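Read off the chains here:
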Amino acid sequence: MTENVRQRAAQFAEALRATPSVRAYHTAQTELENDAATQFLLLRFQARQMEYRRKQSSGTLTEADIAAVRQLQHEVSSAPRVVAFGGAQQAMFDFVQEVSARLSERLGVDFGVLAAPPRSGCCG
Amino acid sequence: MLRTGTSTLDWRAAADDFAAAWRGEPEFVTFIAAQERLESDREAQRVIREWQEAQRTAQRFGGFFVETSNPGRLRQAEQALRANSTVQHYLAAQEALQTLLREVAGLISEQVGFNFGLACASAGGCCG
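First to last, the sequence lines map onto chains A and B. Counting from 1, position 91 in the first sequence corresponds to residue 90 in numbering that gives the first Met the number 0; the numbering is continuous, with no gaps. Counting from 1, position 40 in the second sequence corresponds to residue 39 in numbering that gives the first Met the number 0; the numbering is continuous, with no gaps.
Please keep in mind that the hints were generated in silico from the structure rather than gathered at the bench. Be aware that one or more of the hints could be misleading.
Computed spacing ranges between beta-carbons, pair by pair [as the list claims (entries may be wrong)]:
#1 B:54 x A:5: 36 to 42 Å
#2 A:0 x B:90: 19 to 25 Å
#3 A:61 x B:54: 47 to 53 Å
#4 A:85 x B:84: 46 to 52 Å
#5 A:112 x B:109: 19 to 25 Å
#6 A:85 x B:22: 35 to 41 Å
#7 B:34 x A:100: 15 to 21 Å
#8 B:34 x A:9: 25 to 31 Å
#9 B:51 x A:26: 44 to 50 Å
#10 A:116 x B:90: 16 to 22 Å
#11 B:41 x A:90: 45 to 51 Å
#12 B:11 x A:62: 53 to 59 Å
#13 A:107 x B:98: 14 to 20 Å
Computed from a predicted structure; not experimentally measured. Glycine is no exception: its CB is placed at the ideal position from the N, C-alpha and C atoms.
Let the sequences and hints guide you as you build the complete structure.
Quick look at the structure:
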């Protein structure tokens with residue numbers, strides 16, 4: 000790539016990082032990662048999910064196991080830090096869509112379609 | 000307004016500057032020219048339409064097309080696409096531009112702290 004594009008990309012990235020949406024996303028992400036209680040809850044949920052899959056494969060899954068996973072899932076989805084992060088992530092995502100639309104308009108090509116990585120699962 | 004050297008950077012101005020920089024990028028210039036050539040090439044448009052129609056009339060089972068009528072039509076349409084130089088030139092130009100855009104999106108991702116390219120493409124949100 001030309002040095003001009005590289006420099007403009009760096010300035011563009013810096014401008015994006017300074018926007019309220021991206022800053023709020025990073026703040027919420029940091030607060031989630033630093034919240035010990037929520038992290039412990041997430042670990043417990045992961046462990047319970049692994050046990051659930053193991054028992055499902057072996058045919059030993061019980062109603063109590065299913066109830067336990069559902070209870071933890073509810074706790075995770077209603078945990079304040081998780082809720083806050085989810086909201087910030089969606090707001091960031093909505094903002095990036097606006098950014099992508101502007102780039103596409105200026106370039107005359109669909110930036111989002113062309114710049115997307117090969118099909119993968121997550122954007123984190 | 001974008002003000003270099005200060006702490007205030009308007010993302011719209013920065014986006015516009017970033018987009019303008021691509022006008023000097025060879026891959027972008029080549030792609031735009033290939034796109035214009037494709038749009039004005041009647042024969043290329045015909046083979047594309049034929050291929051699209053052949054796909055529509057073929058029944059799709061999983062990842063495969065099964066032609067319940069006019070067997071061979073889809074294969075012929077695909078061969079015509081591969082043989083059309085305007086179409087192939089466009090696809091090559093698109094691939095080159097896509098490779099570069101992904102590379103640049105990767106650089107942006109490193110700075111902003113999330114997968115920028117994927118966030119731009121997704122219409123339904125992220126799972127991270």
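Status of the hints after comparison with the structure:
no. : hint                      : result
1   : B:54 x A:5: 36 to 42 Å    : 39 Å, holds
2   : A:0 x B:90: 19 to 25 Å    : 21 Å, holds
3   : A:61 x B:54: 47 to 53 Å   : 48 Å, holds
4   : A:85 x B:84: 46 to 52 Å   : 50 Å, holds
5   : A:112 x B:109: 19 to 25 Å : 21 Å, holds
6   : A:85 x B:22: 35 to 41 Å   : 39 Å, holds
7   : B:34 x A:100: 15 to 21 Å  : 19 Å, holds
8   : B:34 x A:9: 25 to 31 Å    : 28 Å, holds
9   : B:51 x A:26: 44 to 50 Å   : 47 Å, holds
10  : A:116 x B:90: 16 to 22 Å  : 19 Å, holds
11  : B:41 x A:90: 45 to 51 Å   : 47 Å, holds
12  : B:11 x A:62: 53 to 59 Å   : 55 Å, holds
13  : A:107 x B:98: 14 to 20 Å  : 19 Å, holds
In this structure, every one of the numbered hints holds.
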